[in-house]
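Quick note: to get the working numbering, add 58 to the position in the sequence shown (first position is 1).
None of these hints come from the bench; they were simulated from the model. Take the hints with a grain of salt, since some may be wrong.
[Stated by the list, open to error] Computed cross-link-like contacts, SDA-like style, restricted to lysine to any residue with a CA-CA straight-line distance of at most 25 Å:
hint	residue 1	residue 2
1	K67	Y112
2	K114	F61
3	K114	Y124
4	K67	L97
5	K67	M95
6	K67	C80
7	K67	N86
8	K67	G129
9	K114	I98
10	K67	P94
11	K67	I110
12	K67	L117
13	K67	E87
[Said to hold, decoys possible] What follows is a set of in silico ranges between Cβ atoms, one per label pair, in the way DEER data are often shown:
hint	residue 1	residue 2	range
14	V99	Y132	24 to 30 Å
15	T109	S75	24 to 30 Å
16	F144	F66	38 to 44 Å
17	T109	R89	31 to 37 Å
Remember, predicted model here, so these are calculated numbers, not experimental data. Every residue, glycine too, gets a C-beta built ideally from N, C-alpha and C.
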Amino acid sequence: MWFLTLFFKVSLYFHASIAGLCHIFNVNETRFLTLPMGLIVTTFSIIVYPTIIYQKTWLAETWIPYSFFVGAFYPFILLTIGWIRFRPAKIKKIIKST
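Produce the entire structure from the sequences given, and follow the hints as far as they go.
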């Protein structure tokens, strides 16, 4: 059951990435990018996690700080920058001028 769900999940992600790339580059035929994308995904899967020991070490030591940065700290910085750029006074001035 796990292999079946994993297969469908990977297939849907692969199809979505190919459809997105075709949409970005205005390519009508998706078969054009299927083989190169498959080779890239296969190569990266071997490069990113060469062994299961490396994967477990990376998940235990690196993933928690990385996910905190991407999931909490980075959006907070973007929110702060947005608030500084568009303060409530600027928003009121924009509303009055329209």
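Against the structure, the hints:
no.: 1; hint: K67 / Y112; result: holds, 24 Å
no.: 2; hint: K114 / F61; result: holds, 20 Å
no.: 3; hint: K114 / Y124; result: holds, 15 Å
no.: 4; hint: K67 / L97; result: holds, 18 Å
no.: 5; hint: K67 / M95; result: holds, 16 Å
no.: 6; hint: K67 / C80; result: holds, 20 Å
no.: 7; hint: K67 / N86; result: holds, 24 Å
no.: 8; hint: K67 / G129; result: holds, 23 Å
no.: 9; hint: K114 / I98; result: holds, 23 Å
no.: 10; hint: K67 / P94; result: holds, 20 Å
no.: 11; hint: K67 / I110; result: holds, 21 Å
no.: 12; hint: K67 / L117; result: holds, 21 Å
no.: 13; hint: K67 / E87; result: holds, 22 Å
no.: 14; hint: V99 / Y132: 24 to 30 Å; result: holds, 26 Å
no.: 15; hint: T109 / S75: 24 to 30 Å; result: holds, 25 Å
no.: 16; hint: F144 / F66: 38 to 44 Å; result: holds, 43 Å
no.: 17; hint: T109 / R89: 31 to 37 Å; result: holds, 34 Å
In summary, the structure agrees with every hint in the numbered list given earlier.
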